[in-house]
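As a plain string of letters, each chain reads:
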Amino acid sequence: MTQLPSQTEKKLGLVIDLDTCVGCHACVVSCKGWNTENYGAPLSDQDPYGADPSGTFLNRVHSYEITPSEGAAQLIHFPKSCLHCEDAPCVTVCPTGASYKRLEDGIVLVNESSCIGCGLCAWACPYGAREMDQAEGVMKKCTLCVDRIYNENLPEEDRVPACVRTCPAGARHFGDLGDETSDVSKLVAERGGMDLMPEQGTKPVNKYLPPRPKDETFDVLAPFLEPVAAEPKGFLGWLDKTLERL
Amino acid sequence: MHPATSVILFTSLSGLGFGMLFWLGLGFPDVTGWSAFAFFAVAFALSVGGLLASTFHLGHPERFLKAFTQWRSSWLSREAVIAVCGLTVMGLYAAGAVFLGETFRVLGVIGAILSVLTVYATAMIYTQLKTVPRWNQATTPAIFLLLSVSGGALMTNQLWAALPLFIVAIAVQLLAWKRGDQALATSGTDIGTATGLGDRGTVRAFEPPHTGNNYLMREMVHVIGRKHAMKLRVIAIALLAAPLFLLFIPSPGHVIGAVAVLLHLAGVVTLRWLFFAEAEHVVGIYYGKR
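In order, the protein sequence lines correspond to chains Y and U. Following my numbering, the numbering of the first sequence begins with 2 at its first residue and continues without gaps. Following my numbering, the numbering of the second sequence begins with 2 at its first residue and continues without gaps.
Don't read these hints as lab results, they were simulated from the structure. Among the hints, a few may not be true.
[Claimed, not checked] Derived contacts from chain U toward chain Y, CB cut-off under 10 Å, selection only: (1) PHE69; (2) GLN71; (3) PHE100; (4) ARG201; (5) GLY202; (6) ASN215; (7) ALA242; (8) ALA267.
[To be verified] With a cut-off of at most 20 Å between alpha-carbon atoms, the simulated SDA-like pairs for lysine to any residue come out as follows: (9) U/LYS232 x U/VAL270; (10) U/LYS290 x Y/LEU76; (11) U/LYS67 x Y/LYS204; (12) U/LYS131 x U/LEU185; (13) U/LYS67 x Y/THR93; (14) Y/LYS215 x U/THR203; (15) Y/LYS204 x U/VAL110; (16) U/LYS290 x Y/SER64; (17) Y/LYS204 x U/GLY34; (18) Y/LYS215 x U/ASP200; (19) U/LYS290 x Y/THR68; (20) Y/LYS215 x U/ARG205; (21) Y/LYS204 x Y/ARG103.
Nothing here was measured: the structure is a model prediction, and the numbers come from that model. Even for Gly, the Cβ is constructed at its ideal location relative to N, Cα and C.
Starting from the given sequences, assemble the full structure and let the hints guide the process.
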């Protein structure tokens, strides 16, 4: 049913740390890998080795540059996937009931065998979280690795979304954002986690942790250290002086 | 937004067809027998043909029956339900008019209401999208309804209604452009809110996630068509206004009538093409585009 639940028992989601993300795209690759080999239609590629390759991805990493009014510009790597919104506009527009938000954990999913591939849910999403698979003709989106997080065949440490498990920087966190005592909720409270496009009224569950302010001085010890580069002596010293004179 | 041919044909043709059914249901003209057959054949060909065209862009058209289930929340589902109801009622009405020589007015009025409601539901599929600020305003259903009903009046030879409706349609379209051109800027969504980093300085999309294109960019960041948008606007309005002048010719006859209809249809198709091509989806902001 594409009517949204008024409340879900849990609000499972991701917390993405924009301060820590190094922009390595490992989460993109692991997401594509897991979701191609496991639940649902594989994430196809079109013309993968040709001149104009494109493909279905559930997670993509953008990079943005912030130029403050004073000081140096900063580069922010910005992973973006489904935010599992509480007021998910993609769910209510679905004509077939293929899109739904789960009552038990708030995950937004697509029942691929009911999807007619009309694409309206992708239009309704402000974040570009849904992509129509060109080979399968059905809508694909982040499942929060629903086939991992409850999967008792996997070792316990693997029961998190593939992107979280693989992130080498520890920039991605998974948990229940509806529970104020959870680690992710504490992290959001501590670091001032934010919503993307709050004015769209989607109430995203996923939160983004803003980059921390950069230190004014790069290294407090640096001014007290001896310079490493010394005046060249011997042949190099002669060469340096000779070239200087030319 | 990507101007898909199937969707442009669907909204233009079915809009015209349902506009015809609206007038026929109300008894303008109050026809029976062969004359009714001719009118209804054209109206059903346009409305049903348009609906069929809309299935061409689906990934899995064979599952279309499921699209009738979610009318509680989805405008697309409502459109499907209302369209089928309207076509059924008008089918019965048409059968009465053609085969029995009787026009059941109650049936006709219900059918007429369902016909305009179908067009309204079509328009609401686009209007409801907050992600496309240009569409997310009252002028969208207004222009869909006006184009449908004015075109229907032209097709059913109700010139007394067609002429003023054309003028109102053109006026509303001009208003829609005036507001639409500002819609994205005034929507409050920009790269600052999209990234949440706006209060830290000027944010610029530095690098996209990949060097090629993707579904999102093809579908929602259509920029090619906007180059000639201004010229196309003038052409569309000229086409839409042309029947106004043609119909001043005394006793126009079928040939001039057909020319007027074709000019009108060309105008509607051009407008519909612009409707999609000019619409900016907020996801483009993530790619530093609009």
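Given the proposed pairing of U/LYS232 with U/VAL270, does the C-alpha separation stay at or below 20 Å? Answer holds: U/LYS232 to U/VAL270 is near 15 Å, not above 20 Å.
Taking only the CA atoms, is the gap from U/LYS67 to Y/LYS204 under or equal to 20 Å? Between U/LYS67 and Y/LYS204 the Cα gap is close to 28 Å, so the pair fails against 20 Å, i.e. violated.
Is the Cα-Cα distance between Y/LYS204 and U/VAL110 20 Å or less? Distance of about 43 Å is beyond 20 Å: violated.
Would the pair U/LYS131 and U/LEU185 pass a check requiring their Cα atoms to be no farther apart than 20 Å? Within the cut-off at roughly 10 Å; holds.
Does Y/SER64 sit within 20 Å of U/LYS290, going by the straight-line distance between their CA atoms? Measuring from Cα to Cα gives roughly 14 Å; hence the hint holds.
Holds or violated: are the alpha carbons of U/LYS290 and Y/THR68 at most 20 Å from each other? This hinted pair holds, its Cα atoms lying about 19 Å apart.
Assess, step by step, whether the Cα of Y/LYS215 is no farther than 20 Å from the Cα of U/ARG205, and give holds or violated. holds, 19 Å
Per-residue hint verdict: U/ASN215, partner chain Y, C-beta under 10 Å: holds, 5 Å
Please verify whether Y/LYS215 and U/ASP200 have alpha carbons no more than 20 Å apart. This hinted pair holds, its Cα atoms lying about 15 Å apart.
U/LYS290 and Y/LEU76: Cα distance at most 20 Å? Roughly 19 Å separates the two Cα atoms, so the pair holds.
Between Y/LYS204 and U/GLY34, does the CA-CA distance stay at or below 20 Å? The hint is violated at about 58 Å.
Is the hint on U/PHE69 kept, meaning its closest Cβ partner in chain Y is under 10 Å away? holds, 8 Å
In terms of the numbered hints stated before, the structure departs from hints 3, 7, 8, 11, 15, 17, listed from lowest to highest.
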